[in-house]
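Chain order of the listed sequences is A and B.
Each residue of the first sequence is one higher than the last, beginning at 1 in our numbering.
Each residue of the second sequence is one higher than the last, beginning at 1001 in our numbering.
What the hints contain is simulated information worked out from the structure, not anything from laboratory work.
Each hint should be verified, as a subset may be incorrect.
Sample of chain B residues lacking proximity to chain A, with all beta carbon distances greater than 12 Å (derived) [claimed, not checked]:
no.	residue
1	T1015
2	K1182
3	I1186
4	P1187
5	Q1199
Here are the simulated lysine-lysine pairs, PhoX-like style, with alpha carbons at most 20 Å apart [unchecked claim]:
no.	chain 1	residue 1	chain 2	residue 2
6	A	K143	A	K192
7	A	K143	A	K110
8	B	K1228	A	K143
9	B	K1018	A	K281
10	B	K1182	A	K281
11	B	K1228	B	K1018
12	A	K281	A	K139
13	B	K1221	A	K281
14	A	K16	A	K281
15	A	K112	B	K1092
Beta carbons: idealized from backbone N, C-alpha and C, even for Gly.
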Amino acid sequence: MSVLIYTENWDGKFKKLSFELVSYAKEVAKKLNTTVTALSIGNVEETELKKLSIYGANKIITVTNANLSGLNNQAYTSVIAEITVKENASVIAFAHNNTGKAIAPRLSVKLKAGLVTAVVATPITTEPFVIAKKVFTSKAYAKVSIKSSIKILTLLQNAYGLNESPEAFNLETFEPILNESMLKTTVLDVNKISGKILLTDADIVVSGGRGMKGPENWGPIEELASLLGAGTACSRPVSDEGWRSHDEHTGQTGKIIAPTLYIACGISGAIQHLGGVSSSKCIVAINKDPDAPIFEAADYGIVGDVLKVLPDMITAVKELKALS
Amino acid sequence: MKILVCINNVPDTTTKIKFVNNTAFDSNGVQWIINPWDELALTRAIEIKEAQPSEIENITVINVGLAEAEATIRKALAIGADNGIRINYDAKDSFAVAYQLAEYIKKENYDIILCGIESSDYNGANVGGMLSEILEFPSVSSISHLDIKEGKLILKREIDGGQETLSTQLPFVGIVQKGITKEPKIPSMRGIMTARTKQLLVIEAASCESLTDFIEFELPKPKAACKKIDPENVRELVQLLHNEAKVI
């Protein structure tokens, strides 16, 4: 028995979400009195793989196969299923990102294993296996029991955090069985956005809404974000108007994020927007309307003109940074 | 080509969520809508058909649900789907939904099956992927661009930090997200009139078991009141974030 996790790499490097997943899996493994096996697909150097053991991976399995260079849902599912059987894994966990969302449901069918997605904590009980997840776009929680012997989970990014728990570095390679019938999709071209902090990765997010009045006023949001090492986001009307690109849209139909700090600038906080950000640990709202619903979700609020407040906030953050 | 769009019937996104004995969703007085992501998938399918009528033979919408879902299916017909199907089943989890859909699709020959990436009720993000695995069809998830040129699909999917262009063999399951189209299509008066005469076939469900059980629901605990700071004293906010919340 073991807990198996799929640790994704980007150009040979792991990201925080991979280490967060190992940290999470370690805690689940402790509850089940077992070990963590991390699976890595693609070329990753040993020094990088070794980092997984710092967060508690007891064993690391690498698969390098030319047919797996792009994400192919069918082929990846097959490889992970093979390793599940080989490792006798009872719990399999993914990050709840584009890749996890693509593979976990397929694996669930292949292994006849119940799947619970976007979990934010370890199971409440393991026998029966009961775990909580948010439903109705964060308006409620549900306790879900998984009835099958193998359980699959996806972990909401930033929801759990990092936890070091060093184990000895134990590396294995694995050669999967792949056939033509699994290789029906092909990645033709990759277009990466560089130099920008990914919203789902960001610890701090500065977000703008219609109260910013127009795309020409985004300068202070970007400046504050850059001072704080934050990502930038926006509400749906802003991306629908084309003021900002769609990949910044946070909310029910956009990105669901859980940063440590979310700063909502000129966002009224429609219920659909709150659904995407309510897992943030601390929410700051700046809005001129004292009755805006965002203040019900916020920890700290300023009722005032965001275009006047932001420059003051930039000054205050600069002062703070100068002191520390 | 024949397109099948899977649609879920969900509470309107502004619904105040309540439960009966904390064990079931209280649907009393709830307005139902097409799941927003499914609506985007349907809109995109209709846009392609309108732009290139020769490429698309038919767009069918399918729902797994009870009779109350029919108003939502009719809305999809009003938006522009050619015909609708309801599999008469009260599914307990997404696996059961995917299983019912697959049982129907196996007997038909759709080229493209579209699903929204998740539903706004149980937020699973499961059905599309599960369906593709049961059918052993290729799947592409997080699709933000879909077009057809000379019988071939052009697909783009979102990845963490970018976008990929892909090709796929057919039949395939496409799991779409925001970006696939700008706005959901709103039914026209003519659409609403013609929807009444379009076929809505009800078929009986296959027997199947769920893999998970929703055992209890809970509303989030009320949040502590928001601490208000004077707009003339923004420095205080930054101090609180640093010293009290310890987030910067």
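Each hint tested on the structure:
A cut-off of 12 Å between C-beta atoms contradicts the statement that T1015 of chain B is not in contact with chain A; the least separation is 8 Å. Here K1182 of chain B does not stay apart from chain A, with its beta-carbon only about 7 Å from theirs, under the 12 Å limit. Distance check for I1186 of chain B against chain A: the nearest CB is about 14 Å away, which clears 12 Å, and the non-interface claim stands. Non-interface call for P1187 of chain B relative to chain A: holds, since the shortest CB-CB distance, roughly 19 Å, exceeds 12 Å.
Chain A leaves Q1199 of chain B outside its interface by the beta-carbon criterion, the shortest separation being 30 Å against a cut-off of 12 Å. Between K143 of chain A and K192 of chain A the CA atoms are separated by roughly 38 Å; this puts the pair beyond 20 Å, and the hint is violated. Taking the CA atoms of K143 of chain A and K110 of chain A, the gap is near 24 Å; set against the 20 Å cutoff, the hint is violated. A threshold of 20 Å between alpha carbons decides the hint, and for K1228 of chain B with K143 of chain A the separation of about 34 Å lies outside it, so the pair is violated.
Simply put, K1018 of chain B and K281 of chain A have alpha-carbon atoms about 25 Å apart, too far for the 20 Å limit, and the pair is violated. Between K1182 of chain B and K281 of chain A the CA atoms are separated by roughly 31 Å; this puts the pair beyond 20 Å, and the hint is violated. The suggested pairing of K1228 of chain B with K1018 of chain B is violated, with an alpha-carbon distance near 30 Å, which exceeds 20 Å. The hinted pair formed by K281 of chain A and K139 of chain A meets the criterion: a straight-line CA distance of about 16 Å does not exceed 20 Å.
Restraint check for K1221 of chain B and K281 of chain A: the C-alpha separation of about 14 Å stays at or below 20 Å, so the hint holds. Distance restraint check for K16 of chain A and K281 of chain A: the Cα-Cα separation of roughly 17 Å lies within the 20 Å cut-off, and the hinted pair is therefore satisfied. Our distance criterion of 20 Å between C-alpha atoms is met by K112 of chain A and K1092 of chain B, whose separation comes to about 16 Å.
When the structure is compared with the earlier hints, violations turn up for hints 1, 2, 6, 7, 8, 9, 10 and 11 and for no others.
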